[in-house]
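Asker: Here is how the chains run, residue by residue.
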Amino acid sequence: MEAAMDLMRRMPPKQSQTALSSLLALLPEHSQELLSRVDQPLEVLCDVESGKEFLLCDYNRDGDSHRSPWSNKYHPPLDDGCQPSADLRKLEVEANDVFAVYRDQYYEGGISSVYMWEPDEGEGFASCFLIKKDGSKSGQGRRGYLQEGLWDAIHVIEVGAEDEGTARYRLTSTVMLSLTTSDTDAGTFNLSGSITRQMILDLAVSEGHLCNMGRMIEEMEGKLRNSLDQVYFGKTKEMVFSLRRPPDMMQQQQDNLLVNYSH
Amino acid sequence: MLHSPEIPDSFYLGFVFSLCIFGAAMAEQKQSEPEELSKKQRKEIAKWFLINSPPGEIQYVAKDVESLLMDEHVYEMAVSEAFPLYNKTHMICLEMPNRSGEVLITAFGELDGSHYLDPRNAQVATVDHVKQVCSMVRPATDDELPSSYVEEFRGALDAELVRYISEAYPKGICSVYCISRKDAEGPGSDFELVAVISAGKHSPQNFCNGSWRSVWRIEFKDELQLVELIGKIEVDAHYFEEGNVQLDTNHECKDSTIFQLAEECAVSLANIIRHHESEYIAALEASYSNLPDTTFKDLRRKLPVTRTLFPWHNTLQFSLTRDLTKELGIGN
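Those sequence lines, one after another, are chains C and D.
Going by this note's numbering, the first residue of the first sequence is number 1, and it counts up by one from there.
Going by this note's numbering, the first residue of the second sequence is number 1001, and it counts up by one from there.
Bear in mind the hints are in silico, worked out from the structure with no lab data behind them.
Heads up, a few of these hints could be off.
[What the hints assert, rightly or not] Short, incomplete list of chain C residues facing chain D, as computed with Cβ under 8 Å:
| hint | residue |
| --- | --- |
| 1 | Ala-4 |
| 2 | Gly-135 |
| 3 | Phe-189 |
| 4 | Leu-191 |
| 5 | Met-239 |
[Claimed, not checked] Mimicking SDA-like on lysine to any residue, the simulated pairs with C-alpha atoms at most 25 Å apart in a straight line are:
| hint | chain 1 | residue 1 | chain 2 | residue 2 |
| --- | --- | --- | --- | --- |
| 6 | D | Lys-1297 | C | Val-44 |
| 7 | C | Lys-237 | D | Thr-1294 |
| 8 | C | Lys-237 | D | Ala-1283 |
| 9 | D | Lys-1201 | C | Ala-186 |
| 10 | D | Lys-1131 | C | Met-8 |
| 11 | D | Lys-1201 | C | Glu-238 |
| 12 | C | Lys-223 | C | Cys-211 |
| 13 | C | Lys-223 | D | Ala-1286 |
| 14 | D | Lys-1063 | C | Ser-71 |
| 15 | D | Lys-1171 | C | Gln-253 |
| 16 | D | Lys-1201 | C | Gln-253 |
| 17 | C | Lys-137 | D | Leu-1303 |
| 18 | C | Lys-223 | D | Thr-1294 |
| 19 | C | Lys-14 | D | Asn-1250 |
| 20 | C | Lys-90 | D | Trp-1312 |
| 21 | D | Lys-1297 | C | Asn-190 |
| 22 | C | Lys-223 | C | Asp-183 |
| 23 | D | Lys-1201 | D | Glu-1102 |
| 24 | D | Lys-1302 | C | Gln-198 |
| 25 | D | Lys-1088 | C | Phe-241 |
| 26 | C | Lys-237 | D | Pro-1204 |
| 27 | D | Lys-1302 | C | Arg-142 |
| 28 | D | Lys-1297 | C | Arg-143 |
| 29 | D | Lys-1040 | C | Leu-27 |
| 30 | D | Lys-1254 | C | Arg-142 |
| 31 | D | Lys-1131 | C | Asp-6 |
| 32 | D | Lys-1232 | C | Phe-241 |
| 33 | D | Lys-1302 | C | Leu-27 |
Owing to the predicted nature of the structure, the values given are computational and were not obtained by experimental measurement.
Built from N, CA and C at the ideal position, the CB exists for glycine as well.
Construct the complete structure from the given sequences, taking the supplied hints into account.
Answerer: Below is the structure:
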């Protein structure tokens, strides 16, 4: 499995679906583990009742059907699909509504879904907050810079039992993104990749779980965006400029070489 | 793109998806003996991973593939087919024994599967693709080399390019090959050269690798007294410390100059190449500086339009998004 995960870190992110399919074909006995450890861009279905789109993941899947957060119904329909309890469903509904507004504020479009469930054993509950954005100029990119722009965020939060007014929140976030610009001067420029981070906080429950979870996600997304931009993209930029000198440095080098030759 | 893989990606994708659905279905049904993939299928999958390795990483990928395959025979077949393709696509540079210099492994200089021409020193290197080493070097024979007429142009351009890359590339290697009509005897003949520049930087301890590859096809058209260039530049980078982010860029450009004497042509061609490549690196710099505030914004803003964090605590007081929408001024 470690060899498989190492391969996923090396294969081009844009080919991550092919890479995962290849691993599944080679290691069918590990398919459960591969599917849960390797993140993939989110797929979309349309809820027939509300006409709204929702995102698919393992947490809203039962067999071959997926549960819509809007109607709480499975697509394709199931008689006895897994459902959250009535209380949890109430929180789930509110989370979906509020998260949709959050999503709109930061992403100016896109699709979001929140799913909640109780663990098989123990107290507390778990949730996943999903966002998918197509920022390409043919999609929902407001400024038209991107030929192709994809952002998929998966945030899974485990909430522990309440203990003297506080609860432990364990967040695991993965962002997968791909952006491509293309023009006659610069050709095609594509940056793509994925990173995963974790955050554990003990927070007072006085303002409610949604507030705590929301704030954690917002902080995490900000950190991931910055990290991608400054560290990850920054390192690739550093690499490019270590391969070839920019024009102003070339003159300097030319002078250096002339000095050397004249000795 | 500079490379043409043996298997078109779309075909490979279809092949693997069908295997995956098959394999996953088998696993779900929990049959005790899932049907085995054929050796050929396993080899093809292994090859795909190897060929798609980032610059400088094929040996690491090979180790992973070997442990996943658990079949030395299939592994040997896969590496023997994949490494030559990868080495040529990535234009790797190998040291020749006896301090004879370096040789670039490219399709343009390939004499046969394991012999590559070094035109600068008129040598032929014998190469072990899987080990990525040059085991032997011998002088080239006359028919492996271009005619003296073509060599005038090739050699002059090579010398100019060596000068250029010493200014522009901290660790670049170049080579110029004749890929068409190398037997052209004198004026009145057309011929084609290709100039190749390859610069790679590998820092696995820093989880970072990258490469710059330019391929300039240069057609000498005698009747038109014109020399036409088509350049393809590809820059890749991979940073993978607790993550996996890759840069993949490519650019194509065209230019031309008049057909002059060898020395003059060389200077003119090298200037054209220098000009386009300098412009390209400047364009890359611009693409990067646009990222944080412009390009990235189309994916996700740094902050909402309100320039404040999202008011999660207020949401408890509002019943549905309608009130929130008014509050936050969405749709204005």
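Asker: Indicate, hint by hint, whether the structure satisfies it.
Answerer: Evaluation of the provided hints:
1. Ala-4: holds (6 Å)
2. Gly-135: With Cβ-Cβ at 4 Å, under 8 Å, it holds.
3. Phe-189: Status holds, d = 5 Å.
4. Leu-191: holds (5 Å)
5. Met-239: This interface hint holds because 4 Å falls under the 8 Å limit.
6. D:Lys-1297 - C:Val-44: Roughly 23 Å separates the two Cα atoms, so the pair holds.
7. C:Lys-237 - D:Thr-1294: Given that 25 Å is the threshold and the Cα spacing comes to 17 Å, the pair holds.
8. C:Lys-237 - D:Ala-1283: holds (12 Å)
9. D:Lys-1201 - C:Ala-186: Within the cut-off at roughly 22 Å; holds.
10. D:Lys-1131 - C:Met-8: With Cα atoms ~24 Å apart, Lys-1131 (chain D) and Met-8 (chain C) stay inside 25 Å; holds.
11. D:Lys-1201 - C:Glu-238: holds (11 Å)
12. C:Lys-223 - C:Cys-211: Holds. Lys-223 (chain C) to Cys-211 (chain C) sits at ~18 Å (cutoff 25 Å).
13. C:Lys-223 - D:Ala-1286: Holds, at roughly 24 Å.
14. D:Lys-1063 - C:Ser-71: Outside the cut-off at roughly 48 Å; violated.
15. D:Lys-1171 - C:Gln-253: holds (13 Å)
16. D:Lys-1201 - C:Gln-253: holds (19 Å)
17. C:Lys-137 - D:Leu-1303: This hinted pair holds, its Cα atoms lying about 21 Å apart.
18. C:Lys-223 - D:Thr-1294: Measuring from Cα to Cα gives roughly 18 Å; hence the hint holds.
19. C:Lys-14 - D:Asn-1250: holds (15 Å)
20. C:Lys-90 - D:Trp-1312: With Cα atoms ~17 Å apart, Lys-90 (chain C) and Trp-1312 (chain D) stay inside 25 Å; holds.
21. D:Lys-1297 - C:Asn-190: It holds: about 16 Å lies between the C-alpha atoms, which stays within 25 Å.
22. C:Lys-223 - C:Asp-183: Violated, at roughly 30 Å.
23. D:Lys-1201 - D:Glu-1102: Roughly 16 Å separates the two Cα atoms, so the pair holds.
24. D:Lys-1302 - C:Gln-198: holds (20 Å)
25. D:Lys-1088 - C:Phe-241: holds (24 Å)
26. C:Lys-237 - D:Pro-1204: holds (16 Å)
27. D:Lys-1302 - C:Arg-142: Measuring from Cα to Cα gives roughly 15 Å; hence the hint holds.
28. D:Lys-1297 - C:Arg-143: holds (8 Å)
29. D:Lys-1040 - C:Leu-27: The given pair, whose Cα atoms are some 16 Å apart, holds under the 25 Å limit.
30. D:Lys-1254 - C:Arg-142: violated (33 Å)
31. D:Lys-1131 - C:Asp-6: holds (21 Å)
32. D:Lys-1232 - C:Phe-241: holds (18 Å)
33. D:Lys-1302 - C:Leu-27: violated (40 Å)
Figure legend: structure checked against the earlier numbered hints; hints not met, in rising order: 14, 22, 30, 33.
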